[in-house]
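*Asks:* Taking the working numbering, the leading residue of the sequence shown gets 1, the next gets one more, and so forth.
Quick caveat, the hints were computed from the structure, so don't treat them as lab data. Be careful, since some hints might not be right.
[Claimed, not checked] Have a look at the derived ranges for each label pair, beta carbon to beta carbon: (1) L255 to V57: 29 to 37 Å; (2) L307 to S64: 44 to 52 Å; (3) V271 to V57: 45 to 53 Å; (4) L310 to I227: 44 to 52 Å.
Note that beta-carbon positions come from the ideal geometry of N, C-alpha and C, so glycine has one too.
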Amino acid sequence: MSRAVATLERWWFPSAPALRLAAIRVLVTGFGLFWLQLCAVSSFALLRAPVERFEPVGPMSLLSAPAPAAMIVGLWLLAVVAGVLALLGWRFRVTGPLFALSLLSVCAYRNSWGMIFHSENLLVMHALILAVLPASDAWSLDARRRRTPVPDAPSPAYGWGLMLMTVITTLTYLIAGVAKLRNAGAPWLGGDVLLAHVAWDNLRKIELGDLHSPLGALLSRFPVAFIPLAWLSMVLELGAPLALLHRRLLRLWALGMWSFHLGVALIMAIVFAYPLSGVAFAPIFAVEEPLQRLAARLRDRRPEGRLARLLPREDGA
């Protein structure tokens with residue numbers, strides 16, 4: 001029993017360097033800021049939406065009517081300001097949670113008007129997890145003003161949160177796979193359901209004059225091609241938790257899921273930006289290693305350059 005507990009403890013609390021968690025902070029927060037800018041116009045357009053369309057979800061469920069426009073704009077501005085400060089790692093214990101909660105509120109408001117967007121859920125969950133982690137112990141303004149040096153040795157204190165983010169990521173895909181089987185059943189594996197979905201989506205976009213995928217329209221002429229695609233999606237989604245058993249398998253799974261999203265973009269012209277950017281899968285990888293190599297190269301060439309000063313220093317701060 002003790003051996004099993006020790007194995008589980010090593011799995012759930014893997015050691016990681018402080019810089020890896022810091023790099024994830026920059027990536028996730030940076031993408032969150034990008035998303036806030038990308039969806040600003042559509043989010044603010046909802047301020048003029050008919051009141052009867054308001055169906056609050058998440059934290060917006062506390063409201064019985066749409067919030068005043070000033071409050072929503074203020075929430076968005078708060079998310080942006082807190083996000084910039086969290087990205088820089090300035091007083092992250094305050095700005096990290098502030099960014100995560102304001103991002104959650106903005107997303108919830110956007111989803112409270114009759115159409116639920118699932119694409120940003122994983123981003124919000126990752127931001128919420130980061131908010132309670134020591135993600136500014138390296139590569140941050142907090143680290144640079146701290147007198148004690150950044151710890152060099154990898155520690156479980158910087159690894160367990162990354163594992164939690166990874167587990168949450170795999171569970172979201174497991175849920176997606178289960179939903180496919182519940183809604184479509186065994187016919188999904190025959191490829192017909194996927195074919196119908198791709199063909200209908202592209203036809204609708206063509207009729208509406210919207211952006212569609214010529215590749216998807218062409219591929220719809222060959223129904224047999226959708227059988228392996230349907231099986232591949234099921235293997236990747238339902239098998240997601242199994243990928244947690246081994247680090248190499250997990251990395252292969254992440255590459256497979258990224259390829260899946262690339263395929264969706266190519267044959268349906270639907271972009272799930274967070275996973276397609278690779279940031280959703282970044283906690284799986286040693287993202288600090290290429291960062292350290294880049295920083296060392298820039299310091300060798302231009303030690304006083306602006307970019308060299310922005311990247312992690314030799315002491316990790």
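*Asks:* Does each hint hold? Answer for all of them.
*Replies:* These are the hints, each one checked on the structure:
no.	hint	verdict
1	L255 to V57: 29 to 37 Å	holds, 33 Å
2	L307 to S64: 44 to 52 Å	holds, 50 Å
3	V271 to V57: 45 to 53 Å	violated, 23 Å
4	L310 to I227: 44 to 52 Å	holds, 49 Å
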